[in-house]
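Asks: Generate coordinates for the entire structure from the input sequences, incorporating the hints supplied.
Chains as they are written, first to last, in our numbering: chain A, 2 to 485; chain B, 2 to 485.
Just so you know, these hints were derived from the structure itself, not from any lab. Please read all numbers here as calculations on a predicted model, not as lab measurements. Cβ atoms here follow ideal geometry from the backbone N, Cα and C, with glycine treated the same way. Check each hint, because a few of them may be wrong.
[What the hints assert, rightly or not] Per the computed footprint, the stretches of chain B lying under chain A, defined by three or more beta-carbons under 8 Å from a beta-carbon of chain A, are:
| # | region |
| --- | --- |
| 1 | 38-50 |
| 2 | 239-253 |
| 3 | 356-368 |
| 4 | 393-403 |
| 5 | 416-426 |
Protein chains: 2
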Amino acid sequence: MINIFAIILAGGSGTRFWPLSRETCPKQMLRIVGEDTLLRQTIKRIAGLVSPKNIWIVTTQDKAQDMRFHIESLGSMAKEIQFIKEPIGKNTAPAIGLAAIHLNHLSLDSIMIVMPSDHAIPDTEKFMSDLRLAIRGAMEDYLVTFGIKPTRPETGYGYIKINQALRIALDGLFKVERFTEKPDSRTAKEYLSEGNYFWNSGIFVWKTSKILSEIEMHLPNLHKTLQEIESLLFDPHKPDRPDKPDERHARWTELYASLENISVDYGVMERSRDVLMVPATFRWSDLGNWAALDEVIEKDDAGNIMKGNVIDIGSCDSTIFAGDRLIATLGLKDMVVVDTPDATLVVPKERVQEIRKIVEVLKKNGREEHLLHKTVERPWGSYTVLEKGQGYKIKRVVLNPKARLSLQLHRRRSEHWVVVGGTARVTRGDETYLVRTNESTYIPINAKHRLENLGDEPLQIIEVQNGEYLEEDDIERFEDDYGR
Amino acid sequence: MINIFAIILAGGSGTRFWPLSRETCPKQMLRIVGEDTLLRQTIKRIAGLVSPKNIWIVTTQDKAQDMRFHIESLGSMAKEIQFIKEPIGKNTAPAIGLAAIHLNHLSLDSIMIVMPSDHAIPDTEKFMSDLRLAIRGAMEDYLVTFGIKPTRPETGYGYIKINQALRIALDGLFKVERFTEKPDSRTAKEYLSEGNYFWNSGIFVWKTSKILSEIEMHLPNLHKTLQEIESLLFDPHKPDRPDKPDERHARWTELYASLENISVDYGVMERSRDVLMVPATFRWSDLGNWAALDEVIEKDDAGNIMKGNVIDIGSCDSTIFAGDRLIATLGLKDMVVVDTPDATLVVPKERVQEIRKIVEVLKKNGREEHLLHKTVERPWGSYTVLEKGQGYKIKRVVLNPKARLSLQLHRRRSEHWVVVGGTARVTRGDETYLVRTNESTYIPINAKHRLENLGDEPLQIIEVQNGEYLEEDDIERFEDDYGR
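Replies: Written out as structure tokens, the structure reads:
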């Protein structure tokens with residue numbers, strides 16, 4: 002019996018959906034298409050075929066904890082899902098190589114389904130049936146990719162050319178003749194009319210042993226370093242292995258950082274002679290930018306996509322993403338408007354690929370609107386910054402039923418808590434007491450404290466912080482249910 | 002000696018600058034051009050010529066108190082300025098007639114300078130010198146208007162045609178041949194090239210006796226009702242005058258409501274044979290909509306007007322009005338984007354005249370974004386609604402130095418106050434005590450209370466209201482420094 006693993010690539014930080022995406026809330030954690038976030042949809046989609054303990058998420062060390070919290074709402078399945086943590090974000094060849102050596106360590110006979118965490122695939126059943134076909138190809142020691150039938154002469158994607166004359170023994174799979182770079186407009190039109198060109202979806206299926214031998218053949222330096230990493234991580238008897246964990250970690254960070262930053266498409270797929278393609282029967286979008294939503298979200302009669310608190314008069318072919326605040330639009334054409342509590346974006350559709358320039362300006366000016374949302378999801382609930390002023394900061398804190406914050410203290414701020422929903426159990430120094438709706442309490446500077454919700458409803462408090470320094474890093478934790 | 006009065010027409014509610022203008026914050030109270038609000042600029046402009054006690058503001062009863070508070074920052078002058086309160090908003094002929102009978106009651110020999118409260122006139126000195134010229138014409142028993150030299154074939158204004166052949170004995174004033182309706186585009190181009198057509202500015206100067214006799218001649222019904230109102234208001238010996246003030250008020254409301262809703266341009270100026278025009282030497286805009294700002298605000302090299310927290314990349318000929326929240330724009334052309342804490346508008350310049358349609362939708366849907374701003378200016382300072390939720394509402398309250406709120410109570414809500422700046426003196430029931438920065442207090446339902454700032458700095462508190470009903474009308478006032 003061969004083991005099938007799903008490797009979900011979730012390292013992307015993604016500025017292209019700003020202001021909805023932030024550094025701490027990348028595209029895969031957004032609910033932009035469908036009912037759930039892209040990452041959770043990706044997991045649910047593959048969980049029909051792959052056992053949760055064989056689902057591995059590859060992401061960077063700094064994102065892993067947030068992502069772990071993020072998938073918790075998937076229930077018991079979430080606990081079985083494993084993370085492979087990159088020391089820093091890398092392109093797909095190193096990331097896939099890293100996953101492969103982890104799998105290689107477990108079992109010599111496994112199949113990897115490799116998929117991005119942030120694509121939209123609305124047709125799960127068709128995806129499943131195409132995936133089964135791809136697995137058959139992988140079993141025969143091929144690298145299998147999915148090709149998307151082009152619907153327009155897109156110049157933003159690479160293409161896969163299949164050769165229908167080259168017969169293989171597997172019905173429904175085609176031999177790939179070559180991969181092509183992003184074409185110019187005229188070439189893209191030719192590809193579209195020729196009929197044997199497909200968009201490269203970035204979803205792959207292969208045996209772990211096969212991808213490792215192909216990496217060895219086409220990217221020998223990468224392969225060599227991956228082997229060093231493998232023995233560093235998994236071989237206690239390796240002669241020059243550092244004894245101390247932090248030295249091992251430093252060494253492994255250094256090795257991973259040194260890996261060539263190349264995509265698996267350029268590094269392996271374009272060079273390999275053993276590539277098959279499944280022509281996808283499912284709808285697909287890589288959601289490369291705000292304009293890509295047009296392909297996977299139902300539009301109204303005027304061609305608009307509108308979400309949230311929008312009043313529109315007479316716009317067409319526009320995408321308006323609002324939240325609770327009112328966005329009023331009138332007579333727009335081919336525009337994108339995205340509202341969040343602290344930032345609003347207005348841009349013509351044809352220029353959405355330049356949004357990163359705005360994010361660059363924000364970074365350069367030391368601002369926060371590219372970093373954090375006003376509402377931050379935490380494992381115990383969420384908090385929303387309602388206002389920051391000179392010497393004070395106001396938050397609404399929502400604590401889930403039965404959840405509690407860490408036992409903590411702040412060196413530079415005091416906090417007033419007013420309960421506006423539910424009942425809080427408050428620990429302050431040696432006391433523990435209840436604070437009910439419409440009651441308040443005060444946490445002085447340097448007082449150890451803890452907030453708990455023993456009830457079955459969310460607890461809501463308004464927290465007014467006072468002090469000269471009011472950042473999140475003024476916190477000392479003594480006990481934490483979430484291992485922070 | 003003849004008395005000169007300035008009549009400032011400030012009844013407009015103005016949906017055309019939504020979302021910056023609101024029902025409770027009309028255009029004349031906005032700081033859209035120049036350093037101060039349009040109304041205060043209008044008062045300061047005329048105060049160079051007219052004594053403050055002769056400045057009268059005509060507005061509706063429901064707006065008068067807010068406007069009174071609004072002009073208080075003008076200092077001692079503000080106390081002398083008088084209000085004429087219309088029972089309901091009416092067009093300019095009834096409003097001017099109402100002002101005229103008030104003046105007529107004071108003195109038989111007076112000159113009225115009539116001007117809207119919401120126009121932009123950047124050149125005060127030129128305005129003054131033109132005004133002196135107009136007064137000379139008014140002294141000779143003419144109706145004098147100001148004509149603006151057209152700079153483009155505008156179809157949104159009425160025009161004044163002067164006849165330069167008709168000589169009069171006053172240098173610099175011209176006899177008006179006729180007023181014209183808003184022209185079509187071809188006609189407007191002809192007017193522009195002919196050179197003796199001017200835009201109708203809506204600013205007038207005349208003797209009170211002259212405008213009343215012209216109203217009598219051209220609008221006899223209006224004149225008759227104005228006379229009835231005059232004796233109702235000012236003649237205690239009028240035979241059928243109701244004794245009780247509220248009956249008198251009801252009668253006068255009914256009479257004013259019955260007046261024909263006509264502009265002084267259509268009703269009097271177009272029909273009178275005694276009209277002179279001063280060709281204005283000052284720059285002027287009636288600020289009819291967001292696009293009109295182009296005429297009176299300096300633009301950047303790309304033709305943009307940008308205010309507030311804006312990051313723009315590559316837009317041109319666009320107007321972006323932001324506040325504290327970030328508005329990011331990219332590649333816009335001829336667009337208007339206006340942000341306020343609770344609503345954002347995005348509209349092409351060429352469609353700004355349709356903004357009222359959005360306001361109509363808001364009204365129809367029973368919403369609040371056309372009515373109030375999140376920050377409401379009060380005579381004692383301001384309050385900002387930071388958040389409303391189920392059973393609670395959070396406000397930031399800023400109390401000016403030495404100011405105090407009314408002694409009040411609420412029947413349906415309690416309030417937690419956390420002081421985040423300054424020191425509050427709190428009265429609660431029979432107690433009076435100080436609450437310093439980083440301290441808090443609690444006002445239970447039904448407790449008489451008062452908040453005072455004895456200090457020299459603004460007092461800032463965060464108020465968390467709890468209750469099932471949290472509207473502003475749950476207030477009983479016992480003592481109020483502002484006569485509410």
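Asks: Against this structure, judge whether each hint is valid.
Replies: Hint check results:
{"no.": "1", "hint": "38-50", "in the structure": "violated (count 0)"}
{"no.": "2", "hint": "239-253", "in the structure": "violated (count 0)"}
{"no.": "3", "hint": "356-368", "in the structure": "holds (count 6)"}
{"no.": "4", "hint": "393-403", "in the structure": "holds (count 3)"}
{"no.": "5", "hint": "416-426", "in the structure": "holds (count 4)"}
Of the numbered hints given earlier, the model fails hints 1, 2; all others are met.
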